[in-house]
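**Q** Start from the sequences and build out the full structure, keeping to the hints where you can.
Chains A and B, in that order, give the protein sequences.
The numbers in the working numbering rise by one with no breaks, and the one at position 525 of the first sequence is 525.
The numbers in the working numbering rise by one with no breaks, and the one at position 72 of the second sequence is 72.
Note that these hints are calculated values from the structure, not bench results.
Ideal placement from N, C-alpha and C gives every residue a C-beta, glycine not left out.
Be careful, since some hints might not be right.
Below, simulated DSSO-like cross-link-like pairs (lysine-lysine); rule was C-alpha separation at most 27 Å, straight line [claimed, not checked]:
| hint | chain 1 | residue 1 | chain 2 | residue 2 |
| --- | --- | --- | --- | --- |
| 1 | A | Lys496 | B | Lys249 |
| 2 | B | Lys51 | B | Lys83 |
| 3 | B | Lys83 | A | Lys393 |
| 4 | B | Lys51 | A | Lys510 |
| 5 | B | Lys245 | B | Lys205 |
| 6 | A | Lys340 | A | Lys393 |
| 7 | A | Lys393 | A | Lys304 |
| 8 | A | Lys60 | B | Lys249 |
| 9 | A | Lys624 | A | Lys17 |
| 10 | B | Lys83 | B | Lys20 |
| 11 | A | Lys340 | A | Lys304 |
| 12 | A | Lys304 | A | Lys322 |
Computed list of chain B residues with no C-beta within reach of chain A, every gap over 10 Å [claimed, not checked]:
| hint | residue |
| --- | --- |
| 13 | Gly21 |
| 14 | Pro174 |
| 15 | Lys247 |
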Amino acid sequence: MMEAMNSRVPQGALAEKWANYRSDVRLVSPKNKRGFEIIVVGTGLAGAAAAASLGELGYKVKSFTYHDSPRRAHSIAAQGGINAAKNYQNDGDSIWRLFVDTIKGGDYRSREANVHRLAEVSLEIIDQCVAQGVPFARDYAGLLDNRSFGGAQVSRTFYARGQTGQQLLLGAYSALMRQVAAGSVELHNRKEMLDVVVHDGRAVGIVVRDLLTGEVSSHSAHAVVLATGGYSNVYFLSTNAKMCNVTAAWRAHRRGALFANPCYTQIHPTCIPQSDDFQSKLTLMSESLRNDGRIWVPQRGDDKRSPDQIPESERDYYLETKYPAFGNLVPRDVASRNAKSVVDSERGVGERANGVYLDFADAIAAQGEDAIREKYGNLFDIYERITGENPYKSPMRIYPATHYTMGGLWVNYELMSNLSGLFVLGEANFSDHGANRLGASALMQGLADGYFILPTTIGPWLAEQLGSQLVPTDHPAFAAVEQEVNERTQQWLATKGTRSVDFFHRELGKIVWDYVGMSRTSSGLEKALSEIPALHEEYLSDVRVLGSADSLNQSLEKAGRVEDFFQLAQLMARDALLREESCGGHFREEHQTEDGEARRDDEQFAHVAAWESNGDDHIRHEEKLEFEEVELAVRSYK
Amino acid sequence: MASTLSLTLRIWRQDSPQVKGHFVTYEMDDVPEDASFLEMLDILNEILIAKGEEPICFESDCREGICGTCGLMINGQAHGPQKGTATCQLHMRQFKDGDHIVVEPWRAEAFSVIKDLATDRTPLDAIIKAGGYISVNTGAAPDANLTPIPHQTAATAFDAAACIGCGACVAACPNSAAQLFCSAKVQHLNLMPQGQSERWERAEKMVETMEEFFGSCTNHGECEEACPKEISIDFIAWTNRDYIKSKLKNRSLFAQK
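**A** This is the structure in structure tokens:
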């Protein structure tokens, strides 16, 4: 283990660690707060919440986004909901249960102390969002409504129709804009972070490119906070927005920050299947649909009748049969693998035989079409717009797609990476979801990190910096990085190859999906490790980027992002190859039980794999995961 | 296989805000019906890159109709012909073989063209900055169920909050007014119990900031027609009422000081 890899988990009983930490943590006085400058990159739930909260505390904050407006960050597309252990439904929920569900859902590959803190903070998040005016769903008494989600037997998910992420982000965005108006946050839109500047072993600032003018500039701070999301777009086809990328995190990694568990990617079970080869992205249908929809395929693969012509006795409700306790609400990885297995056994439905049915006929018969419309109306509309089929009349077709990445930059309990002064929040860090994230937990983590955890845990780092001057942006450390950024940018225009950035991205995505996707084998991963570098070489010599670097140039922006995806993809394959076990979203075909369930190897792999960048190579470090309160068990949803 | 279309596209090209733009005509064959409108432009861009021509600049991100990044005038209609649909969710099956399609950026003085079909919509953020929030610091919130909100109130506030900030309402308006955007944002908060203490200040500041950038509303109703979230112009009426009241309320507050 590297020295800087101390997790810094506080002493004391699990349930008291966060309280103890807050009681003991070094504080920064109001007067001194005004002297500290903090950079926050990204304005999704984690970034906007952090920038707003730090601004409220009196710090001088600079907030960066590559969008025209902070409100466009991809958190906005989250549909289903946000978990909190409020137990408003009196169905036996508690902080402990949310903690256990999350640890178990993550297949025992996350830090106990982090997850327990997340469960504790979940209560405050809902209070905060309601106070901001987030219009959560309410019952007829006017009290907050909840629904259930995969991996849980209680109803603890708060939701705002099918647009929960949008409403939470608008809340965080409004809080952020309030601080912009107050002058405590300086907003830099349409600026893409292209590197971190490290001086004397700590992060001292960032280098950004103005996407409209191409101007490259430096920004100095006492702390740099990355809240830049996940890397699902390495697959090209994913449910992520088109611009989502790994560049900020990857560039920090290349400057010394450890990248943890890159092979932990999540495949979301309920997306609209691919319809054609030109497709630009996949659209997710919230997994909340699994509350009322029943998943099935025809029993016989050659049964090509339309779904309403297939009698009950000839349908296979495979999740309900195989997992009677959780049924259609098994966690995402389990639901996804089972869908893959029925499609692989040639029982897929639709023109391309690449989906399974999600059927609402029973729910509509029992609750009425209006009740279903109230709960899922906008999702049904999206489905109809994309497919041209009416899901009130015939079942939806769904198939898994890449959706979320649990891996990310390594952070300690204080959310600081091994690089001093660099903090990482939300999906960009590796912290709370282990090898698989439960539904409605991403919004919870993003807001927990941004509103409540970072504003506290950044204190001790800043207290240490008291009296220290900012490294000026004309310092050689900044100049050197600016020059590298300029050279990297110019390189794409100078290549003058024959094929577009998207062409290479799509090809890369196919390799990663085939070999580092829903299930992995050592031979497939070896193949990926030879095919990716070969394609990468071609990319470097044959990519065609037209136009110039001094105006809005979308191909040029993409070229740098795809380069970082190439580098990341190789690390993902290597990480997957060395993790000789199956856990959560990482399923190695060599490691499964007789009935096809994931088989963990706690003896050898109850650890976080954190990769250090070493030139063009990598060194693997381990952080052992200690479980004091929960017993490592075989995850069973039967 | 689904069928394909042949199309004639007339697309606005403009190198930068400073130079004059013009229409360029592109002929396309074999456009798949299942493609979205933006995927059709992706296909065209791949063809242009292969020919060594700079691709057409247009903005999009989520391609699920929720982030509000995309937005094109398609045959003179903001977001095109399908009601309640953002450009990214519009599919080519809405068009016929042989169609001529004119594609332009948002047309509004407040939204200057950046390049080709991309425009600058930051004046919308200025309206939010003026008061589109509830002033509650992190940590200061009471329990979430302390204040019940009648189901219908929450639902109506949600109808307003569904705005995706795309700017179609402005682009569709003959006056380039932003009343639908502004009123949706004002009413989302003004309808909620949590939004009451700042209600009048919010209405006054947001409306007046809007007027610095945008034209005036003369009740054409084009905004509601173009809105991909079908937000009702009733919110405009309610905001007008709140604005007028705010002039009195804020004055009396001032007198108390």
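**Q** Provide an ascending list of the numbers of those earlier hints which the structure does not satisfy.
**A** 1, 2, 8, 10
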